[in-house]
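Heads up: the protein sequence lines correspond to chains A and B, in order. Residue 1 is where the first sequence starts when you use my numbering, and the numbers rise one by one after that. Residue 1001 is where the second sequence starts when you use my numbering, and the numbers rise one by one after that.
Don't read these hints as lab results, they were simulated from the structure. Just so we're clear, the structure is a prediction, and the values are computed from it rather than from any experiment. Among these hints, one or two may not hold up.
[Stated by the list, open to error] Dumping the calculated DSSO-like pairs for lysine-lysine here, alpha-carbon to alpha-carbon at most 30 Å:
no.	chain 1	residue 1	chain 2	residue 2
1	B	1301	B	1042
2	B	1225	A	105
3	A	44	B	1226
4	B	1301	B	1123
5	B	1225	A	46
6	A	103	B	1225
7	B	1225	A	43
8	B	1226	A	103
9	B	1205	A	37
10	B	1123	A	44
11	A	46	A	105
12	B	1334	A	43
13	B	1225	B	1123
14	B	1042	B	1270
15	B	1325	B	1356
16	B	1225	A	44
17	B	1205	B	1325
18	B	1123	A	43
19	B	1226	B	1270
20	B	1176	B	1334
21	B	1356	B	1042
22	A	103	A	43
23	B	1329	A	37
24	A	37	B	1334
25	A	46	B	1226
26	A	41	B	1225
27	A	37	B	1210
28	B	1042	B	1205
29	B	1226	A	41
30	B	1176	A	37
31	B	1226	A	43
32	A	41	B	1123
33	B	1225	B	1334
34	B	1356	B	1123
35	B	1210	B	1334
36	B	1123	B	1329
37	A	41	B	1334
38	B	1334	B	1356
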Amino acid sequence: MDWGYIISITIIGMLVVFAALILLVLFVQSMGLLSTKSSNKDKKDKDASTNKGSANVTKELKPTTTQNISSVGNDDVDSEIVAVITAAISQMRLNEGNTAGFKVKNIAIATNSRPIWGLAGIQENTRAF
Amino acid sequence: MINILIETVKDLAVTSGLYNLSWQQGIMLAISLVLMYLAIAKGYEPLLLLPIAFGMMLTNLPLAELYHPELFAGTELDIIEVVKKGGLVDFLYLGVKLGIFPPLIFLGIGCMTDFGPLIANPKSFLLGAAAQFGIFGAFLGTMALSPLLGYTYAEAGAISIIGGADGPTAIFVTGKLASHLLGPIAIAAYSYMALVPIIQPPIMKALTTKEERGIVMGQLREVSKKERIIFPILVTLIVSLLVPSAAILVGMLMLGNLLRESEVVDRLVKTAQNELMNIITICLGVSVGATATAANFLSPKTLGIIAIGLTAFAIGTASGVLFGKLMCKLSGGKINPLIGSAGVSAVPMAARVSQKVASDENPHNFLLMHAMGPNVAGVIGSAVAAGVLISVFG
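With the rest of the complex left out, here is chain B (with noise of 0.2 Å):
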């Protein structure tokens, strides 16, 4: 009786998940608990970093099995074997593999966009394309150190496109390049967008003198409701025409811009930017960080990815910056160079960002919507990027 009772506590502690917790599993719990406390002290993005923070956690807690990497190894996804054999988190990660999550993330996100600003000033494309080098430098970068940490083309294009500063797009890319490092590419795109306030200014102080800082920019004209309707047309024809495996980004980006701007599906919208987002970013949030895994997370790749993210950034701040020098001299000093560093897709807070700098040398300069120009340029800028990185590597 009692070797019974011995012999079933044995077997119930061998089944255990602390028996069988390994050191490296360990540590991926520790580093999710820290990414918590980032979430909700800090107020780092924790709409996204509090689910992937916490999918990671469930993750790696041992014999859990919530998540089954095996099952989406490999180039063809078998879906009766994820039927079969996946859990929850399977399931939710469907969304993210076969690249659904982040188009309706977009939708969402175009019915809270004003694109006035961009139409009111079309040539604040043009410095959302300038900062778009921030994507294309770190994929020169990532292929330099390629030698050392043996990055893959598709690989190092996956990792390029956190300089875009655009979450959706880089999980949307990871997941069609390089799923195995979706779990740390898109924890470095999320942190540092949250970061964007602390990378930025010294950046954009060291790349402008005083005088340029301090330039104040006409009022911006009035735009019509017809240009705003036809605006989002105009966008999805043409850059799907131009980039076609960059249809689904933008066009689900001006959808949902549509239906704002046209004013008669105002229950859609609402439904979009409130229900609909929140839903997704709940399972997109868990599913991405479910795959950060020890096995994934814990190698020399991550501390490259880390560095090369936070080098994209800066890289994709200064190009943006001295290409609105640029224009600053070409326009006879009308348009305020700081407002380049906001075509980094983080919306709002690049603008913000722009605008702050702004007001520390003026402060009755007001350059937020100025600024909210090349900013939302930058959204369309890189998801016109990441079409020709998964054209070329996909």
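Isolated chain A, as found in the complex (with noise of 0.2 Å):
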């Protein structure tokens, strides 16, 4: 047994297992540095064009909600939940930098794609293997 070759080893087997992931560090950085200037820049590039049109979306959005409120699909759909949905929306758009002026039309409760049975079975399935 030669404990020279067993450390070295282990030393190896660490520094690989550091080398490897410190690249990976560097890399997923930068791509996270380029694509957060990407963002950035697609950003600024929206809000510029769309600066004269910002004043007149406080305006556009609140007739458009109280216009349509009564139109809303769902009549169990309270009017304060569908005004408060409609301004998470709006927020939300705004914080993507989209501030064009936008209508709800109907609220209703979205069927999950995936039947109830096959949720719970990933769920099973994500636990640790």
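The task is to assemble the complex, starting from two chains supplied on their own in separate frames and drawing on the hints.
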């Protein structure tokens, strides 16, 4: 039993693992920086082009929302809930840099694309292997 | 006439399993029943432990000859012999021996894994790397026990992979390096993975201060779809070019993830996550359990594996937490060291344990997504470590 060999395998093994993952850190960080720069640039471009329209957004949103509450498809949805959902969508779009107006035409409960047993199966399968 | 009757009954009795049951096989049958109890009643990783336990029971039934270990002994595998003399379990075992099942399991795992927290905070990779000291620390420990228990380098490599806390990786490496130890190593790996919520917290609390456990980490940034698609391709290329032996495991993991993130092959994702995973799990579990014959399992080496496995988990947890403390100091207190323990790749259990220990300190501290980063990084790290062990000892 050669302890020099054993210790060198241990050290080299850890070094290789760290080297591989440090390389990944560098690449993923670079990818993240490029992605952030690119999305910031897109955001600035959108802000610049829709700057004039931004003053109208609030005006545009309010009448659109109030006009359409009565035409919302689901009669069970409270008008306050409609207002909250519309405000959340508006804020999300502003965060993405999308300042164009929008119209809420229908609010309905989304049916899950997966049957409930499929969902249960996936939850069971995501337990640790 | 009566003599013929007596002779026939005597022949039947002599060829029955009960007559031919050895005490060693009796012990193995009892152990398999205990493992089934743990899987069903206690919920210890039932998806794999239950088929493993049942496979163990089947292989230790006298004269049933469901599994023929002599077909797989030696360095060269004679497929023609397996076809001529093998049965169902022998054919299923080919999936383990040839290294087919574990990568397919990784395909399904990749389809179910969200690498977003890791992409958002790439430094988590380092915590995943640090926790892999559990593997190499276990290697040192195994070789220290070698004069007593007679482990070879290849066996030590296979045993130490338990420290990666990754079932498919452990089975893949053991199948390549020491397939005769597959039964005890797989059972040890999955049992300790189920015990992560018991093994880790005392170590985490012992190595961290109250203040460190209470650190609240900042929100992770949004990860774009482009990054999620490029990530699996990048990881496959970098890891495979550096450690080619890890290519199959990492490649399949990342293929699964790419299928998921591309959002254009939903049918394939659903199949990989559900039907494929379930089929492979059954085949893998039964065939791995079938290797746990009395001759392989009831030896001092198995006791050594059980002891080393526990030590490996403990070392992996400790090294992850200690590296987390180092990163906490270097980042000026922005990183909670508890997420370091999630670097052992028991996904998502280890991340949940980090969340639980943090929330014991501060109920408003939501560390789960931060801990998922090192947790999934640990899967990649253990695959790299597996590649190193296979290329050195394979």
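Tested hints:
1. Only pairs whose Cα atoms come within 30 Å are accepted, and residue 1301(B) paired with residue 1042(B) is accepted, the gap being roughly 27 Å.
2. Distance hint between residue 1225(B) and residue 105(A) is fulfilled; the C-alpha atoms sit about 28 Å from each other, no more than 30 Å.
3. Taking the CA atoms of residue 44(A) and residue 1226(B), the gap is near 19 Å; set against the 30 Å cutoff, the hint holds.
4. Of the supplied pair hints, the one linking residue 1301(B) and residue 1123(B) is violated, its CA atoms being roughly 38 Å apart against a limit of 30 Å.
5. About 20 Å separates the Cα atoms of residue 1225(B) and residue 46(A), which keeps this hinted pair within 30 Å; it holds.
6. For the given pair, residue 103(A) sits about 26 Å from residue 1225(B) by alpha-carbon distance, which is consistent with the 30 Å threshold.
7. For the hint pairing residue 1225(B) with residue 43(A), the CA-to-CA distance comes to about 16 Å; that is within 30 Å, so the pair holds.
8. At most 30 Å may separate the alpha-carbon atoms for a hinted pair to count; residue 1226(B) and residue 103(A) meet this at roughly 29 Å.
9. Proximity of residue 1205(B) to residue 37(A) is assessed by CA-CA distance (about 40 Å); at most 30 Å being required, the pair is judged violated.
10. Our distance criterion of 30 Å between C-alpha atoms is met by residue 1123(B) and residue 44(A), whose separation comes to about 29 Å.
11. Proposed proximity of residue 46(A) and residue 105(A) is supported: the alpha carbons are some 25 Å apart, at most 30 Å.
12. Between the alpha carbons of residue 1334(B) and residue 43(A) the distance comes to roughly 29 Å, so the proposed pair stays at or under 30 Å and holds.
13. Restraint check for residue 1225(B) and residue 1123(B): the C-alpha separation of about 20 Å stays at or below 30 Å, so the hint holds.
14. Under the criterion of a C-alpha separation no larger than 30 Å, the hint pairing residue 1042(B) with residue 1270(B) is consistent with the structure, at around 29 Å.
15. A C-alpha spacing of about 18 Å is found between residue 1325(B) and residue 1356(B), which places the hinted pair at or below 30 Å, so the restraint holds.
16. Note on residue 1225(B) and residue 44(A): the hinted pairing holds, with a Cα-Cα distance of about 20 Å set against a maximum of 30 Å.
17. Using a Cα cut-off of 30 Å, the hinted pair residue 1205(B) and residue 1325(B) holds, with the two alpha carbons roughly 12 Å apart.
18. A C-alpha spacing of about 27 Å is found between residue 1123(B) and residue 43(A), which places the hinted pair at or below 30 Å, so the restraint holds.
19. The hinted pair formed by residue 1226(B) and residue 1270(B) meets the criterion: a straight-line CA distance of about 22 Å does not exceed 30 Å.
20. A hinted pair counts as satisfied when its Cα atoms are at most 30 Å apart, and residue 1176(B) with residue 1334(B) does not qualify at roughly 42 Å.
21. Annotation: proposed proximity of residue 1356(B) to residue 1042(B) holds, straight-line Cα distance about 20 Å (limit 30 Å).
22. In summary, the hint linking residue 103(A) to residue 43(A) is supported, as the alpha carbons are separated by about 22 Å, within the 30 Å threshold.
23. For the suggested pair residue 1329(B) and residue 37(A), the alpha carbons sit about 29 Å apart, so the restraint of at most 30 Å is met.
24. Among the hinted pairs, residue 37(A) with residue 1334(B) is consistent with the structure: their alpha-carbon atoms are about 24 Å apart, no more than 30 Å.
25. Between residue 46(A) and residue 1226(B), the direct Cα distance comes to roughly 20 Å. Compliance with the 30 Å bound is thereby established for this hinted pair.
26. Proposed proximity of residue 41(A) and residue 1225(B) is supported: the alpha carbons are some 17 Å apart, at most 30 Å.
27. Between the alpha carbons of residue 37(A) and residue 1210(B) the distance comes to roughly 38 Å, so the proposed pair goes past 30 Å and is violated.
28. Annotation: proposed proximity of residue 1042(B) to residue 1205(B) holds, straight-line Cα distance about 25 Å (limit 30 Å).
29. Restraint check for residue 1226(B) and residue 41(A): satisfied, since their Cα atoms lie roughly 16 Å apart, inside the 30 Å limit.
30. For the proposed pair residue 1176(B) and residue 37(A), the alpha carbon gap of about 45 Å is over 30 Å, so the pair is violated.
31. Taking the CA atoms of residue 1226(B) and residue 43(A), the gap is near 16 Å; set against the 30 Å cutoff, the hint holds.
32. A threshold of 30 Å between alpha carbons decides the hint, and for residue 41(A) with residue 1123(B) the separation of about 25 Å falls inside it, so the pair holds.
33. A threshold of 30 Å between alpha carbons decides the hint, and for residue 1225(B) with residue 1334(B) the separation of about 27 Å falls inside it, so the pair holds.
34. For the suggested pair residue 1356(B) and residue 1123(B), the alpha carbons sit about 22 Å apart, so the restraint of at most 30 Å is met.
35. With a CA separation close to 15 Å, the supplied pair residue 1210(B) and residue 1334(B) stays within the 30 Å bound.
36. With a C-alpha separation of about 14 Å, the suggested pairing of residue 1123(B) with residue 1329(B) holds against the 30 Å cut-off.
37. Between residue 41(A) and residue 1334(B) the alpha-carbon distance is near 28 Å, which keeps this suggested pair within the 30 Å criterion.
38. Pair hint residue 1334(B) plus residue 1356(B) holds up; C-alpha atoms about 19 Å apart against a cutoff of 30 Å.
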